[in-house]
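> If you want the building blocks of each chain, they are given just below.
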Amino acid sequence: MDKPEHTQRQPKTDTRALPLRKTLSGLPVEPLYLPADQSGSYAEKLGRPGEYPFTRGVYSTMYLERPWTMRQYSGFGTAEDTNARYKRLLAEGQTGLSVAFDLPTQIGLDSDEEEAEIEAGRVGVAVDSLADFEVLFDGIPLDVISTSFTINATAPVILAMYMLVAEKQGVPLTNISGTTQNDILKEFVARGTWIFPVEPSLRLVIDSVTFSAEHLPRFNPISIAGAHFRDAGATAAQEAAFTLSDGMVYVERALQRGMPVDQFAPRLSFYFYTYADIFEEVAKYRAMRRLWARIMKERFGAHDPRSQMFRFGVVCGGKSLTRQQPLNNVIRVAYEALASVLGGVQSMFTAAYDEAYALPTEESAILALRTQQILADETGVASTIDPLAGSYYVEALTDKMEAVIVATMDEVERVGGMVRCVENGTIQRLIADEAYRSEQEISSGEHVVVGVNRYQSQEAGQLHLHAYDASILDRQRERLQDVRRRRDSRAVQQCLHDLQVACRDPQTPLMPCIVDAVRAYATIGEITNTMRDVFGVFQEPTVI
Amino acid sequence: MPYRVLVAKPGLDGHDRGAKVIARTLRDAGFEVIYTGLRRSVESIITAAIQEDVDVIGLSLLSGAHIPLTQKLMVKLNEAGVTIPVVVGGTIPDQDIPTLQQLGVRKVFLPSTPLEEIVQGVTAVIEHYQREEMVG
Chain A
1 MDKPEHTQRQ PKTDTRALPL RKTLSGLPVE PLYLPADQSG SYAEKLGRPG EYPFTRGVYS
61 TMYLERPWTM RQYSGFGTAE DTNARYKRLL AEGQTGLSVA FDLPTQIGLD SDEEEAEIEA
121 GRVGVAVDSL ADFEVLFDGI PLDVISTSFT INATAPVILA MYMLVAEKQG VPLTNISGTT
181 QNDILKEFVA RGTWIFPVEP SLRLVIDSVT FSAEHLPRFN PISIAGAHFR DAGATAAQEA
241 AFTLSDGMVY VERALQRGMP VDQFAPRLSF YFYTYADIFE EVAKYRAMRR LWARIMKERF
301 GAHDPRSQMF RFGVVCGGKS LTRQQPLNNV IRVAYEALAS VLGGVQSMFT AAYDEAYALP
361 TEESAILALR TQQILADETG VASTIDPLAG SYYVEALTDK MEAVIVATMD EVERVGGMVR
421 CVENGTIQRL IADEAYRSEQ EISSGEHVVV GVNRYQSQEA GQLHLHAYDA SILDRQRERL
481 QDVRRRRDSR AVQQCLHDLQ VACRDPQTPL MPCIVDAVRA YATIGEITNT MRDVFGVFQE
541 PTVI
Chain B
1 MPYRVLVAKP GLDGHDRGAK VIARTLRDAG FEVIYTGLRR SVESIITAAI QEDVDVIGLS
61 LLSGAHIPLT QKLMVKLNEA GVTIPVVVGG TIPDQDIPTL QQLGVRKVFL PSTPLEEIVQ
121 GVTAVIEHYQ REEMVG
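Taken in order, these protein sequences are the chains called A and B. Residue numbering for the first sequence follows our numbering, starting at 1 and increasing by one per position. Residue numbering for the second sequence follows our numbering, starting at 1 and increasing by one per position.
Do not rely on the hints blindly, as some may be mistaken.
What the hints assert, rightly or not - In silico negatives: residues of chain B with every beta carbon more than 10 angstroms from chain A: (1) R24; (2) T25; (3) L38; (4) E52; (5) D53; (6) L69; (7) N78; (8) T83; (9) Q101.
As the list claims (entries may be wrong) - Some chain A residues judged to face chain B by a derived CB distance under 10 angstroms, without partners named: (10) L64; (11) R66; (12) P67; (13) T69; (14) H228; (15) I366.
Rather than coming from a laboratory, the hints here were simulated on the basis of the structure. Since the structure is predicted, the reported quantities are computational estimates derived from the model, not experimental observations. C-beta atoms are modelled at their ideal positions from N, C-alpha and C, and glycine is treated no differently.
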């Protein structure tokens, strides 16, 4: 039989002579991948979804039973303002909540402290005490909706607030689900909401991990996050390597407490940025699944398959968004969301196009949610599991990514391990190197960013942006004063005293004391000050 | 003598990618660069600027608090009788630029500004200020 015409007319160009391209992170890309680029057996490297080494996905049915969780990072002003936004997003079909806190809440300041006043309710919702949480979750059923909290240094306080609000709603602790980010190591490197020095900070993380393993079987006490490394400048492979290395530190520390690995490891989860290089991102997630499964099984002896599962959420947007031609950001985020789903994501936040300027408006936030809904319901990408498996390119790039991640992790190990590298600024420097390199490539035009260094155009009219409401501080102050007036001050003082005593003894778990203090309506500032008096403050290595 | 610049992070925001890229860019362009690190009070930024005898202060602001934080700095600089020029960079909506200029900010750099433009812009601010000083 004659071959179809188009296959006979293939050009004779030798692809080896074509210039080599690179991924966004600089990995070389061949012009053409062939069967010879594959190595290893299917069973060893890929296997079935839901089975070791989980390369093809952590669940056997992936999106066929349930799509990924659509979880838009959101919060501003007071708890009332944010509660109203959450109800709107849920009404529009969002399937989980993700709380953005203001900076004072993240670094343990009450809204009426001098340093806090300017920032109260600005980049997220202001939370001072349990009273704010009662309003924040008013009318939201905590046994149905899971909530992710981007909170780190003060994560144990927020965890306590969440538990106690569930208690007030009559929801058993065994039924609440959600996540505290609680990954302090990366805060020392990027994002910067640290408070205490590294060791007491790690103590607090492990306290909440072990507490959670005992009391909150459906809650993820930590979301080990690479996203902030990435947005600070790290390559995809560095993002993956530093995050897996951080994950190993947390596992080691929990094991040192005497907790068996399979008791806490099933609740570890991860969080990353997805940028626009689709195949690089897919390869990154597939390689990390395989690597984490191996690390947990071989290095830490985890037997429970759930301990070996690399479950992750993503954010699409961040540094990949541009101020110029802001509507282009809708397109960027859509591609990033596509890559995340092809990579097997469990939950996703798609940023709004105006987030290169300010917090999103309600309108832009809903468009960002629609971006995920169109992907889930109209494109067919979720109709079969791991649809890119077997692609010569994707499998080769997954192998390459894995090799570079392992080499980077080994290098961190060689120079003293993650904790030391964070304390002395090594990781900070590596990331700053990449940020500088990437900015130079954009300035020179080597790295094309549409609307920035190619296809520039006259700026269109001004966007309608989210406006900061100057009444926030007064409203927040009022509730704080009301709380201080109505609570039993002696009970608060007693709880804070007990917490301070507990902090002085490294063997005493801190979570029970923190829960008691939060229950007595101690404020986040009071609880943080109590701990800071014992632990001191992190001394930042200022690396440029 | 190379120009001296203080790159500063006022307020509570922990995002320092931009500050560090700018610090390196200026350093590679021959400036002497002092970087404050995160979460510096306005008072400590002014103290550092005086002690280090810098020619310009660059504020990096990404938390949306650029107007009140800059205002606080400008007021304290005036109170201290310090006339070091101030430039600001970060996620700043276009409509806020006039307000920052009214506060006395000499130049506002927006995201994705080409690096050479930042070097030229900072140099121009310093030279303009020095000419003003000479004229008295």
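> Determine for every hint whether it applies to the structure shown.
Against the structure, the hints come out as follows:
1. R24: With a cut-off of 10 angstroms, R24 of chain B comes too close to chain A, as the shortest Cβ separation is near 5 angstroms.
2. T25: The assertion about T25 of chain B is violated, with a minimum of 8 angstroms to chain A.
3. L38: L38 of chain B not clear of chain A: closest Cβ-Cβ about 5 angstroms, inside 10 angstroms.
4. E52: At about 13 angstroms from chain A, E52 of chain B clears the 10 angstroms cut-off, so the statement holds.
5. D53: Check passes; 19 angstroms lies beyond 10 angstroms.
6. L69: 6 angstroms, violated
7. N78: At roughly 19 angstroms from the nearest Cβ of chain A, N78 of chain B sits farther out than 10 angstroms, so the non-interface label holds.
8. T83: T83 of chain B is indeed farther than 10 angstroms from all Cβ atoms of chain A, at 24 angstroms.
9. Q101: 17 angstroms, holds
10. L64: 39 angstroms, violated
11. R66: At about 34 angstroms, which exceeds the 10 angstroms cut-off, the nearest Cβ of chain B leaves the hint on R66 of chain A violated.
12. P67: 31 angstroms, violated
13. T69: 26 angstroms, violated
14. H228: At about 9 angstroms, which falls below the 10 angstroms cut-off, the nearest Cβ of chain B leaves the hint on H228 of chain A intact, so it holds.
15. I366: 21 angstroms, violated
The structure fails hints 1, 2, 3, 6, 10, 11, 12, 13 and 15 (numbered hints given earlier, in ascending order).
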